[in-house]
Each structure stands twice: as structure tokens, then as C-alpha cells.
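When you get a sec, could you build the whole thing from the sequences and use the hints?
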Amino acid sequence: MSYSWVGAPTEFNGTNPDTGGDSVTENLNQWYQSGDQAYILVSACMVLMMIPGIAFLYSGLARRKSALSQLWVAMMTFSVCVFQWYFWGYTLAFSETATNGFIGNLRHFGLKNTLGQPSPGSPLVPALLYSFYQMMFLAVTAALTAGATAERGRVIPCMVFIFFWATLVYCPLACWVWNVNGWAFNYGVLDYAGGGPVEIGSGMSALAYSWVLGRRNEKMMLNFRPHNISLITLGTVFLWFGWLGFNGGSAFGANLRAVMASWNSCLTAMFAAMTWCLLDYRLAKKWSLVGWCSGTISGLVAATPCSGFIPPWASIILGVVAGVACNFGTKVKFILKIDDSLDVFAEHGIGGIVGLIFNAFFATEYIIGLDGVNNGIQGGWIDGNWKQMYIQIAFIVAASAYSFVVSALIAKAIDMVPGLKLRASEEAELLGMDDDQHGEFSYDYVEVRRDFLAWTPHQTEPAGEGVRFVPQHGIEEHQVMADRNSNPSSPEPEVKAAPADSEAETKSEKTAAPIMSYSWVGAPTEFNGTNPDTGGDSATENLNQWYQSGDQAYILVSACMVLMMIPGIAFLYSGLARRKSALSQLWVAMMTFSVCVFQWYFWGYTLAFSETATNGFIGNLRHFGLKNTLGQPSPGSPLVPALLYSFYQMMFLAVTAALTAGATAERGRVIPCMVFIFFWATLVYCPLACWVWNVNGWAFNYGVLDYAGGGPVEIGSGMSALAYSWVLGRRNEKMMLNFRPHNISLITLGTVFLWFGWLGFNGGSAFGANLRAVMASWNSCLTAMFAAMTWCLLDYRLAKKWSLVGWCSGTISGLVAATPCSGFIPPWASIILGVVAGVACNFGTKVKFILKIDDSLDVFAEHGIGGIVGLIFNAFFATEYIIGLDGVNNGIQGGWIDGNWKQMYIQIAFIVAASAYSFVVSALIAKAIDMVPGLKLRASEEAELLGMDDDQHGEFSYDYVEVRRDFLAWTPHQTEPAGEGVRFVPQHGIEEHQVMADRNSNPSSPEPEVKAAPADSEAETKSEKTAAV
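Heads up: the sequence shown runs through residues 1 to 1029, numbered per the numbering used here.
Be a bit skeptical, because a hint or two may be false.
[Said to hold, decoys possible] Simulated pairs of lysine to any residue, SDA-like, Cα-Cα distance not exceeding 20 angstroms:
#1 Lys112 - Asn16
#2 Lys852 - Arg740
#3 Lys852 - Ala916
#4 Lys421 - Asp436
#5 Lys412 - Gly188
#6 Lys627 - Gln548
#7 Lys285 - Lys936
#8 Lys387 - Phe361
#9 Lys333 - Leu279
#10 Lys852 - Ser915
#11 Lys852 - Arg938
#12 Lys387 - Lys627
#13 Lys285 - Ala943
#14 Lys927 - Phe678
#15 Lys848 - Asp951
#16 Lys848 - Ile832
#17 Lys846 - Tyr796
#18 Lys286 - Ile671
#19 Lys852 - Ala840
#20 Lys852 - Gly729
#21 Lys936 - Asp951
#22 Lys387 - Tyr402
#23 Lys285 - Val670
#24 Lys800 - Phe843
#25 Lys412 - Arg215
#26 Lys286 - Lys848
#27 Lys337 - Ser400
Just so you know, the hints here were simulated from the structure itself, not pulled from any lab data.
On a predicted model such as this, the values are computed, not experimentally measured, just so you know.
Structure below.
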């Protein structure tokens, strides 16, 4: 949220200052830019996604038997907060007429006098929109705080606490720092988006609630670890996406300050993630995905109070400091002996404090003034404002003490009310909150048990020679092919059916893809800023004046949409891989973003897009470290400023890198892969981007038509992944038998994220909210859906089944093919493209067998071939009237339907050059890294058979051992008949559940004789893993 504002851009003079005027007879929107309103409204919806993000994160971090309870608590807090905020929460925080400096009055009770007048936080948006956006902030803070209930708190007393806490803690904190009459506001505290109300408020309040609640049962503390790391990753992804609306939207307009806040948030998050992973590695010698998630969140937390105040280079320092501080902060709960189970204080309390202190050092006028409203506000020490440090510290102490003390008093008072005891009974705690509080469970255990039986089917008689059990649903064909390949003369084996209840999935391996804009000709209005290198002095000028707020809003939101493609690729590849390497695919895809943010900030952007390099191959260092990258028109379009263009283009590199990293599947070591990605981004991606999108690139001047990345993104990822797979070598032949995706639901989730992001990828490549963006989105959907239908039909002709993996693969292949041409060709041509792409990519999956290169996830088949098809279609069907729909590129000639016959050989020449360059240079990089001691690309044969998750990370996507342990507790294996009154002891604390059940059913029954379970009931011991929001 924005700190303050000085002067309105235009003078509001509505007929009614209380409401903005009479909406029946007046247009109340006349005082605001539609782009600003659109961006903040979309940002509010993005922040809303943080609440299910917190729910999934906390659920994955908890034990299985309390996972659903964490989902319920986080989601129900939103209901409570909407009620509270509508009636009196908003007015207590933001009423302008209260002058006590501590809390507001009831002037806006029930949203009275809250309509079209300028908001109390910014003149750029109306009060009604401001109140809606601020409601999301309260809901997120409440959901974070409610994490303190984990595994032992009753849910209804927690909801009562949240209601009073929102009124007595959050609203005063928000009033202090964001209300124009708040004491902290007038004291000069710098808090951009909620270091005090949100981060310190949630961290200290959760610590207080945990203190009142007490520690969990000691048996619950043994071997505690997250039960579902895939769910933790999903929650982190939702939080990351929402946080860009949280921090970006706090500029309260589609302006350069919003872009800077988004850039800073990504920089801080990724450097914190890398720092946290390194700190975890020093102890466990494994690369933790939970550590990556925790580090990312700690970086986003630290960025919250200062992303709209500090320059990008300071955000890098902040990321490292926040990663260290929050990582070591997880030990504080042991010192205090307070069971903050999900580390809310360590992540949010400490992270918020670090961010607020950084404002004292690094806040600066030129960043603050990028919104065109807050010009003249003094920063911190780098602006010579030495007193800012004690101002920030005074606020930190006040906010921390107030949050902790008042929250503890509220919790203690509620705990004393009959029927509202905060803590569940000991029996309920051992049983689990899901059963005790909800009577529901996150997972259907019976289906899980059926899966286990399917893995090891029970034989009632010995199998004869040559007889074996049939795997389920078509997998038998895989085994038959493997048998024939290994021994062509071998007889057909006799087949015996497996038990009917052993269920398994079906299908083929597949993959994903992405996109970018071709060029521009002529600016819509002449830019004449005082400084052509930066656009002007943001401390004294409004650098947003040269751009439409709607264009900036759309491209900033599109960048956030493209960001969602990275977790989409992660989930897709994880689902396609075997279970024992599923987490590794998540880690590799997500960590590539950290590497790419680093590379793009320092020299990636300048190597691709510096305007002063004239060699046609690669740029120079004019924009090193984002130097001279601010408010001037971008090198790709005059519709958006350079800072926004650089942020958007960073997402393209990250998506391409994540796609390429899929080549590591099931046998690649992760750190050598990250080293490869760093050099690959510099030596392969940046030159390809320069060729076709830089105004001085040879392909650009040669007349190549590539709208959103057929060359740099699709061919670049496809050919590079093929080269990496070639250097890496084929998987162990044992690994190739019966290979199938392990989780088709995860594949579908990944495809959905990709599809959503691709509309920002292709639509946003028009670089403005215009008709070309709409046409690109239309074409993308047409191509994707016709490709999906085509792929499903091709699969059906063989298997006589309708494959969901086939639908996902077809959808992705269509989106890939649309990438280079969705902004060039008419809709009818997109239908043809979808059919051709579906056929070409489907049959393209056979190419790896011809080449004998184990491209495990079909990156080349989907992306390489799909990108080539799309580029060739530009030669046939690109047309002037589609290209000119952005109002900028009028006059660019299309392909054959415009009579431009030479376009075909231009496109083919580019395809050949991009393919050859990507493959050869990627192979050379991979081979060179493989020769460096300690950076061998491939894991050992033992590690490959064990699985990359265990070998590289020491974590698993799913907590199998705990599941298996639960089953053994329910039905332990007996090696001899049990006497009367004798039964076997379930594993790891489950015995208590049975004893409680016995006593409840027959209180007078004697204690049964207990006999130990056999030693073969496996119980894993693993290091305790936690993470937190």
C-alpha cells in the first residue's frame, strides 16, 4: 500500500465531496484513469489468491491428519474479515475525520460515504475501490495469523479471536501508518505495503496466540516434517502471484512505481530463495524445495514495506539479508519455548522488521516519485535523512509490542469464556484436527491403500514360470514392447490378471511451452522527456505522462500472468516424471527463475535489447544492472516504458529456461543444471532475442516475422533441451520400462497454469491493451483447442481411449505454435494451424527414438517442432491488417496472402540459423560444464535408481513413509495367530488412537495385552522439515 500522496494530478471538484457526486446524473469515473482503476481492481483479485495460497502452504506443512483443518481456518478467516471490514473495519482504519492518531471513527460505517470521491490513500483511485483493495490486506494478514492454531487449536474460538483481533489490532496499526491523521504517518514512518500492519501484525500476533495456546504434545513433535511438499509449492506459487498485486498495486495506479515495486519484489524473493537454499545445504548437503519456498516467501515479506521505496540494487542486498535473518529466525521459537508451529513469526515478523529497517538506509526520492504523485518525499540515509533510522525503529517497537500484548490479551480472554477454549483436548490432538473439528479428511485413504495394493499385488498361489501379473490400464503393452526389444525371439508371456481393486493411471509423457513481440514502427505521440536516457527526473517530473495507464496496467498484469507459467511448467514436468523424481522437477523449474532474475538484472537485458549495439548479433553493456532503464520508451514498443518492458521480457527468459531444464528429468544433477542455465541464458537466449527483437538484430532487419518467441523461446528451448539430453545420455534401461506419468492431476494443473499464463504471453506481446492483443488471445485459444482435439483423436486411433494427457499435450502444442504467429495471422488460419500443430507435434514425439536421444519430457517435440510450424505459418498467412491492429505497426508486410512470396525463405533461413545455433552452443556449454570437476551433469546409476528426490534433495513430493506407516498401523501384518485379547502395536503414536477408541466403546474393558509389530513394518526417520509464510 502507498505511503502518502502530495497533490492530485487533476483537481477533484465533484458536486458531493462525501461521495464524489450523484452517480445517477454524473459520471463519477471522470476524475480517474481507467487504466489505474483496472490495475488496482485486478491487483485486488491477485491479492485474494494469496488466501488460498496460505491455506495450501499451511496444509502442506502440517501433518496429514490436520491438513484439512488448516485449509478451513485460512479460508474461513476471509468470511470473518469481509463481515468486519464492511461494517466497521474500513472506517476504523481510514476515516479522515478522526484526529486522535490511533484509530478512526464510524464515519464510513457500512461503507457509508464511500463511493467516487478520491480515496484517503491516493488521489489516483476512488474510495470504493480503495476500500475493496484494503479489505484483501486484512484478510491476508488474518489468514497468516490463524496459522498459529496448527495441529492443536479449535477452529471456532480462532474465528472469534480473528474478529476481535481485526478490530483491536489490525485496524489501529493500519490507521497509525496509512491514515493521513495517524501518528506514525505524521511522524514520518516509511512503510510502503504493510511491514507494520501486515507483517509485524501477523508475526507478533501469531507468536502471542501460540504462547497462549501452548506447545503441542511432545509425541507430535517427534520426526515432524511437512506431509505434502507439492502442496507447499502450490501455496508458494499462489502467494508469489498475489504478492505482485500486493506490492505492485500499492502504488495505486498503473505507473512506473508499480513496475519498480514488482521488479524489486522478484529480485528480493529470488535472492532470498538462493540464500535460504545455501544455508540449508550447509547442514543437510541436499537442495531443499521447502527451503526454496521458505526463502521466496521471506524475500517477498521483506520487500513488502520497501519495494516502492528502494532501488533494485538495494533489493538484492535485502534478499540476502532477509534470507539469512529469517532462516536463523526459525530458531527463535526454541529460545522462547513458544511452539510457533508454522514459523509465522520467523518469516513475517522478522522479515517485516528487516524491510522496515532497510527503508531507513535505502529509501530514495527518485523511486518514491515514480508514481507521479509522491514527488518530494524524502527517503533515508542515501538521501541524507539521518533521523529516519530512529523513526523506523520507534515504529517497529511500538507495532511489535502492541500486536503481541493486545493479541495475547484477546486470546486469553476468549480462552476463559465457557465453550470457547482455544485448545483441543489431548485425545483430539492425537487423533488429528481434521477428524475432531471437521469430520472430513484431505485425502481418501482407502484409495491410497488401493494404490499400495496395486503396487504389490497379493498372490494367492505361486506364479508359474513365464507367468506374471498384468499392470493396469494399458501398461502391459509397455512391458511387452520392452520384452521384445530385449529379446526379439522370446515367446509371448502368459498373462495373469491382477486383482480388480489395484487401480492405476494411463498415459504418455508430455510437456509445455511459451512467447514475445515482433517490433514497432513509429511512436503514437512524440516523446520529449528532459532525459532521453531515463525519461526524466522522477523526483520532480511525472514520467508516466508519455504512456496510457491502460497499456501499462495490461502489460504489468500480463507479466504476472507469464510468471504463472513457471510453476505451470514445474507441476507439468513433476506430474510427467516418476514419483521418485517428482520433487526434483519442481525444484529445478522454480530455481531457474532465481538464476534468470540474477542474470537478466545484471546483463541479460542489456545483451538482448541495448539499442546502441550495431553488430546484429548481441547487445552491449549500456543497460548493465538496469542502468538507463526507467521511463524512456522501450526498445520494443513506444507504448510502454523501458522499465516495464525489461520486467516483462525477464519472464520470457525464465519460462524458456524452465522449459529447457526439463531435459534433466530423472537423471540430471541439479546444481550443474543451474550453472548451465546461467551460461545458456547469456550465450544462447540473449543472442536469439537480440537477432529478432532488437532493432539492430540481423533477423529483425532481414524481415523475419516472429511475434512472441518462435525462435528465442520455442526453438531455443526445444533445441537446447535436445542438446542437453544428448550430452546427458539415456536413462538406465530399467528406468524406461513401464514408464508413465505418476500424477495426471498435477499435469492438468500445470497445463491450466500454462494456458492462463500464455494469454499474457501472447496477448501481452502486443505491448498494449489494444485490438492486436485481443486478436492474439483469440488466435491462441483457437489454435490450442483445435490442436487438443487433433491430438486426442490421434491417440484414440491407437488406444481407443480418450486421454487427458493427450488433451494437455495437444493444448500445449497449439499454444506453442501460436506463439510466433498469433499476432500476425487471421483466426481462420489459426484453426488450420491448430490441426497441423497437433499432428506435427504428436508424430514429433517419435523423433527422439530415431535420433536415439532420450528427450524424456518431449521438450523438442512440443516446443521445437511447434515453434517451427508457427514460424512457417507466418510465411503463408501473416497479413497487414492483423499486424496493424496495435495502432503502431501499420504498414508491415505479411506473407503469401499479402503477395510477399520471399517471406518463406526468410522464415526458413531464420529457423535453420536459430536451430543450429541453439543446439550446437547448448551442447558445447553442457559438455564444457560436464568436464569441470564436481559439476558432472549426470547422477550416478545408483542415484538414478534411487530417485533424484532422495539423492539430490532429501525430500519427497509426498510423504509415502508416513502413509505406509498409517496403513501398517491399521492392518499390521501378523506372522502368527493372535491369542484372545492380544493385538499388534500400530506404529509411531497410532496406538493412542486405538486405546482411546477402546475406552470410549467400553470404559470398563481391561487394558489389552500388547504385542510388538514385526520389524518389517517400515518407519522412516527423516530430518524435521518446516517452512513458513
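Pair hint outcome, Lys286 versus Lys848 [Cα-Cα no greater than 20 angstroms]: Not satisfied, since the Cα-Cα distance of roughly 32 angstroms exceeds 20 angstroms.
Are Lys285 and Lys936 close enough, with their CA atoms no more than 20 angstroms apart? OK: Lys285 and Lys936 at ~16 angstroms, within 20 angstroms.
Quick one, are Lys852 and Ala916 close enough, alpha carbons at most 20 angstroms? holds, 18 angstroms
For a C-alpha distance cap of 20 angstroms, please report whether Lys412 and Gly188 respect it. Roughly 34 angstroms between the alpha carbons, so the hint for Lys412 and Gly188 is violated.
For the pair supplied as a hint, Lys337 and Ser400, is the alpha-carbon distance within the 20 angstroms limit? holds, 18 angstroms
Please work out if Lys387 and Tyr402 have their alpha carbons no farther apart than 20 angstroms. violated, 23 angstroms
For the pair supplied as a hint, Lys285 and Ala943, is the alpha-carbon distance within the 20 angstroms limit? holds, 15 angstroms
Are Lys848 and Asp951 close enough, with their CA atoms no more than 20 angstroms apart? violated, 27 angstroms
Take a quick look at whether Lys852 and Arg740 sit within 20 angstroms of each other, Cα to Cα. holds, 19 angstroms
Proposed proximity, Ile832 with Lys848 (alpha carbon, max 20 angstroms): It is violated: about 26 angstroms lies between the C-alpha atoms, which goes past 20 angstroms.
Lys852 and Ala840 were given as a pair; does the straight-line alpha-carbon distance stay at or below 20 angstroms? holds, 19 angstroms
Straight-line alpha-carbon gap Lys846 to Tyr796, limit 20 angstroms: Given pair Lys846, Tyr796 holds - Cα atoms ~17 angstroms apart, limit 20 angstroms.
When held up to the earlier numbered hints, the structure conflicts with 5, 6, 12, 15, 16, 22, 26 and fits the remainder.
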